[in-house]
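Student: Chains as they are written, first to last, in the working numbering: chain A, 785 to 1128; chain B, 785 to 1128; chain C, 785 to 1128; chain D, 785 to 1128.
Because the hints were derived from the structure by calculation, they are not lab data. Owing to the predicted nature of the structure, the values given are computational and were not obtained by experimental measurement. Worth double-checking, as some hints may not be accurate.
Since the list gives no way to pick out one identical chain from another, each pair is judged satisfied if it fits inside one copy or across any two copies.
To be verified - Derived lysine to aspartate or glutamate pairs resembling EDC-like cross-links, with alpha carbons at most 20 Å apart:
no. : residue 1 : residue 2
1   : 1098      : 821
2   : 899       : 823
3   : 899       : 1044
4   : 1098      : 907
5   : 899       : 1102
6   : 1098      : 823
7   : 899       : 941
So the chains spell out like this:
Number of protein chains: 4
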Amino acid sequence: MSETVYDFRSDNVGGVAPELLEAIVAANVRTAAPYGDDEFTRGMNARFRAAFEHDVTAFPIATGTGANGIALAGLANPYGAIYCHETAHINVYECGAPELFTGAKLVGLAGEGYKLQAAALDEALALAGRGNATRVQPFALNLTQPTDFGTLYSVPELRDLSEVAHRHGLLVHLDGARFANAIAALGCTPAEMTWRAGIDVVSFGATKNGAMNAEAVLVFDPAVAARVPFLMKRGGQVVSKARFLSAQLERYLADDRWLDRARRSNANAARLARRLQAIPGVELSGKVEINMLFARLPEAAVAALDCGPFRYYKLGREQRFVCRHDQEPAGMELLVTTVERALA
Amino acid sequence: MSETVYDFRSDNVGGVAPELLEAIVAANVRTAAPYGDDEFTRGMNARFRAAFEHDVTAFPIATGTGANGIALAGLANPYGAIYCHETAHINVYECGAPELFTGAKLVGLAGEGYKLQAAALDEALALAGRGNATRVQPFALNLTQPTDFGTLYSVPELRDLSEVAHRHGLLVHLDGARFANAIAALGCTPAEMTWRAGIDVVSFGATKNGAMNAEAVLVFDPAVAARVPFLMKRGGQVVSKARFLSAQLERYLADDRWLDRARRSNANAARLARRLQAIPGVELSGKVEINMLFARLPEAAVAALDCGPFRYYKLGREQRFVCRHDQEPAGMELLVTTVERALA
Amino acid sequence: MSETVYDFRSDNVGGVAPELLEAIVAANVRTAAPYGDDEFTRGMNARFRAAFEHDVTAFPIATGTGANGIALAGLANPYGAIYCHETAHINVYECGAPELFTGAKLVGLAGEGYKLQAAALDEALALAGRGNATRVQPFALNLTQPTDFGTLYSVPELRDLSEVAHRHGLLVHLDGARFANAIAALGCTPAEMTWRAGIDVVSFGATKNGAMNAEAVLVFDPAVAARVPFLMKRGGQVVSKARFLSAQLERYLADDRWLDRARRSNANAARLARRLQAIPGVELSGKVEINMLFARLPEAAVAALDCGPFRYYKLGREQRFVCRHDQEPAGMELLVTTVERALA
Amino acid sequence: MSETVYDFRSDNVGGVAPELLEAIVAANVRTAAPYGDDEFTRGMNARFRAAFEHDVTAFPIATGTGANGIALAGLANPYGAIYCHETAHINVYECGAPELFTGAKLVGLAGEGYKLQAAALDEALALAGRGNATRVQPFALNLTQPTDFGTLYSVPELRDLSEVAHRHGLLVHLDGARFANAIAALGCTPAEMTWRAGIDVVSFGATKNGAMNAEAVLVFDPAVAARVPFLMKRGGQVVSKARFLSAQLERYLADDRWLDRARRSNANAARLARRLQAIPGVELSGKVEINMLFARLPEAAVAALDCGPFRYYKLGREQRFVCRHDQEPAGMELLVTTVERALA
C-alpha cells in the first residue's frame, strides 16, 4: 500500500474533488427529507436547468448502470427494442441491467469508430418490422457519448442520428458517463450536445470526473419525468439521504471546475499519446479524442510496463490507458521512458 | 430554512456521524480499483467477519431497497415465492423492487404486532402446494427486524421461524434496515440475531443510524455469495467508487459508537413515550421497543402540533414519531408540552 | 382403462362437443394464412361482435392462463398492481404467470363468498398510495366470474365493482374461464355481464364447456387491442394454425348449444346438491350457483367414495364435485346411494 | 374463397394430416385428467423414448415460440446469455419471447449460410468474460435446425458446436420447428441429430409437418425436466385438454408417415428449384436443402407471379417459396410456366 503506483486503469480509480467533498460536509447539517424531497435536490435541479438552458428534471442516482437503466425504462414499452452500437456500454458491460430495467431487447449495430452512422441506422430501422407482431418494436436509440473506446460523436452527428431515430418513432438516450470529457473536447454547450441535438434523456455522469458516486438522469419531457420516481424505487435506485448526491451535483455545476478537470484529463491523454507515438515501434489505435488512449505496444514494452509500478488494462492485444485530471506527471514520464528503454 | 424545525419523520432525515464522515475523507487518498475490488472493501469484510463471528461476505450497496432486492435475488428461482408479513417493507413500500430483482411472487401473511408467527407460517407453507405446478414454489422467508412499525422479534422467535422455513425448504432473509436498533434493544450479538438463529442472508442497514447511503448485503453461504456480484451489476447496484461506502462500514463496526447511537435513539423514543403516555387523553399504539412510537392523539393535540415547528408522519388516524440519536431534547420537550397544553 | 369411472374432478376432464369437432374437420381444407390472419378468425370475430353487441376484438388462445396473462398485460404499466380476490385463480393457481406477463404485483383482498365487495375495494384503493412512489400503482381489477369456488357476481355487483375501479383509475378484467356457466345461471346477455357492466377485457373460456383448448381474449378498446398481437407473440401465445381455434369459437357462438351445455352442467350440480343435502349428516358449503358443489362429508362417506369408481378433488376437509353437461346419470345416482349407504 | 390459390407462403398454411385428425377424434372418448396427467401423454412419452432411443421426457405445447421459451427457460440463470446465430428465429421472429421466458440476453453471432461455426463460437465464448461480473454469463447455445433460411447443419457440425458449447459450460438447445425436414434431408436418426450430437433440449415441431398446433419440448436431463412443469404453467403453456396434443404426437411418431410427408415436402422444393433454375434469368440463393427455396427473380417474373393465383413471401429483393408435402403439382407447374413466359 505504501509504494507509489501509477494508475491508468480508469478515471473512476480517482478520488473526490475537494469542492465536492466540501459540499458533502456542508450538506451535513440539520435534517432533510429523504428520497430527494429536499432543498439540495431542488438546488441541483435549478443548476441543471441553468446549465442546460431547459426546464429539465434531474434525478440523483448512485451508479451509472442504474442511471442508464432508469433513463431507458422511462421510454420503454413491453415488447420493445433499444437500438445501440454493438459495443455500447449498455450492451456489453452492464450484465443485462438495461434488459432488467426495461424488459426490452437490445439490438446492436456495427459502425466504424465504435459509433453508429445515421445512414446505417436508417436502413436498420427500415427493416425492423414496425407493426409486424413477430418483431420487437424499436422505441429507443442509445448513444454513448463519448464511447467506451474514447471516440466522440460530433454535434451534427448526434443531430443526424436523433433525426433518424425520431423519424422512425424512437426516442434518444445519451449515455454520458464521461459527459464532461465530451463537452470539453467538443467545446460545445450541454444544451447543444443534448436536447438541441434531439436527445430526449441523458445519463449525466459525474463520478468519473471527481464526484463520489453521483450521477443524474436528466429528462426533458415532463410526462416521462413523472414516471421516473416509480421506476427508480422499483429499481432500488432511490438513495435515502439524496442530499449528499444532490449537494455534490449542485456544486459540480456551480462553476467551471468540472470542465477544467475534464480538460486536464483530456490534455493528459493527448500529451501521453504524443510522447508514445514518437517512440519507434509504438502504434496507437485511432486518434485520442478524450482522456483515454489505446495502444498496440510491442511485447517487450508490455513486459517492461508489467515490471513497473503501473496499472492499466489489456484488451486482447491492445493496452488501454485512461488519464485523470490529477494524473501524476512523474507517472506519465516514467511510463514513456519505460517504453522507450524497452524498445531501444 | 433558518427557523428551527423538530423532525420526527424518520431516522433517515438525520445527517452523517462524524467518524463516518472522517472515514470518507480518509479514504479519499490515492487511487483505488473501482467496483469493490479495493482495500477498503477488504477491510470492511474483515470487520464484518469479526463482528458476526462468521466467514461472511459483505457487499456494499447504496440503498436499502437495492440491498433487499439483491439479497433475495441470490436465493430466487424463476417460479418462486417469498413469504413475508403482509405489512413487510418489501411487500408494501418498495414499489415492486423485490419482484423485479427476483421474478418471484410475494405472499403476505397476517400476524399480530406486524410479526409472523411460527405456527401460522408452518400452516401456510403446508398449504403452499410444494410440487404442485399450478402454485408458485416458496424459496425464501423475509423477516423485517425490527418491523416498520417498531416491533421486534426475539431471538427465540427468529429461531423458531427459521426452523419452520428451513424445514419447508426456504432460506431466510433478514431485512435489517434498523439492524442496530434491534441489537441495542435485544442486547444480543449480531451472530445471535442472524446466522445462529438460522438467518441465511441479511440486509444490514447503516444509513438510518448515521451512515451516508451505505448498507451491506451479508451472505453466509459462499455459493450464494458467488452469484451476488452478477446480480448486483444486473441490478445497477455496484457503485463505482465503492471505497466510500466500504470505508464507512469498516469504521461503523470498528467500535461501539454505532450501538451507542442506536441505544440513544431507542432511549429517546422510550422517554418520549413515557412523557406522552402520562398525559390524559393520549393513547400509544403498542409498546415502544425501538426508536419509534405510534400514538393516537386527540384532534386538538394534532392541531396544536401542526401549528408548531414539528415534522412527523400521519398514518390514518395514527401519528408516527421516530427518534434519532441526536434528537434535540428541546424539541422533545416542546412536543410534550404542546400536547399537554392542547389537552389541558 | 376399460372399467367405468365417474369423474367429478373438473369440467375440463370432458371431451370436445360434436359440433366443435365438426368445425375443426370442416376447417381442414385448403390453405390458410397462419397466426390468425385467416377467414376463420375473421368469422369468429364477427360472431363475437354479434354475441356481445359491440365492436369487440377477439384473439384466439390455447390456454386460460395465457388468456389471463395477455388480457392483463394489455392494461399493464411497469410499476403496477392488479387488485383481485385473495383466492382468485390468477393469484393462486397460475404459478406466477400474471406476474410474468405483466410485470405487475397482485394484491389480494379478502371478501365473503370468494368475492370482492365494492366498499372494501373502494377503501383498499383509497389506501393504495396513488402517486406515492414507494407504492405500486393499481392499474387493473381482476374479477373471476364465476369464482373458482362456484360463486357468482350478480350483474349489479359487477357494475358496482367496475364503477369503483374506474373511479380509481383501474381497468377491469373479467376472468371467464366458465363464462357460459355464469351466463346460464344469471340469465343475462354477454353484453350485460361484460362491457355494459364496465368490464374492459375478458378471458372468454370455452374449453371447460366443450371446446378443444380454445379460449379468447376479448378487448373492447381498440387502442388496447392494437397492442395485443405483440404481447401474444412475446408470450408464446400465437398459435400457428389459428383457424382450428377460431373455427371452434365461431361455431361455439353460432347457436344456443353452448348455453344448453352450460345449463345442463349447472342443472346436474343443482340436482346432485339436492340429493346429497337430503342425506342426514351431509353438509354442503354454500349454495350451488353453477356446476360445482363443495361438501363436508363425514369420514365414512369419504371412505366409501374412495372405494368406488369415483374421481373428485379434496381441498382440506372439503370435497369438490364438478358436473359436466354430459355427466352420467348413473354416476350421479351411484354417488348419492354410496353416500346414503355409508351414512345409514 | 372459391377460386384456386397456390400457396407457397409457409408450411404452416397447410392443414392437418388425416391420421392425426383421426387420433384427435379417437382421443375424444371418456374423461381424462387435464394438464398432461393422462394416458395419451404417457403414450406419447413412450413413443418419444422409442423414437429417440433415450429416456427423454416430452412436454406437449401448442406453439413453437412457447416451446422455445420453455426449453431455454429450463436452462437459464438470471444473469445469463443465450448464444445464437444473428438470424436465429428466437433472435428475430419471436418478439422478445425468449427474453421474457428466460430473463436472459440473446447474443447473435454472424456465420455463413445462416449457421454458426464452431471456431467462431469458440472464439466468441473465449471473449465472453466468464466470471466477469460486468458481463452476462453464457448458459445456452441455440441451434436452429434447419434454419429459417432452409440451410442445414450436418451431424458432425452439430457435434462440433455442442462440444464447444459444453466445453465453455453451455447447454445446447435445438430449435427443430422443421425437425422432420432435417431428419428427412440428413437421413439420420432423431438420436443422431440430438443427444448423440450433444443436444440437451429440443423444440420438436410437428405443426409445420401436419399436426394441429402440437409441438413438444424434449428434455434429456431429468433434473431439468423436473422444473419444466412449473415453467410451463408460469408461461401459460399448459393446455387444459393436453390429450388432444399428445394423441397427435403419439400417432405422429407411430409410423413413417411423418417422414414421408417431410420427404415429399423436400422433394417438391428440390423439383421446383431444378425447374426454376433452368430458366434463363432466374437465380436461386444457395442450394435447396429442405422444403424452401429463395430466388432472385427478375422484376418481370415477380410482376407476372403477382398477377397470378400465387401466394409467397418477399424478403427484400428475394422471394421465398415453401413447399408442403401436398403442394399441388398444377400449382408448381403453373408457377414455373408463369416465370418462363414472363422471361421469354
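Student: Please flag the earlier hints that this structure goes against, numbers listed from lowest up.
Tutor: 2, 3 and 6
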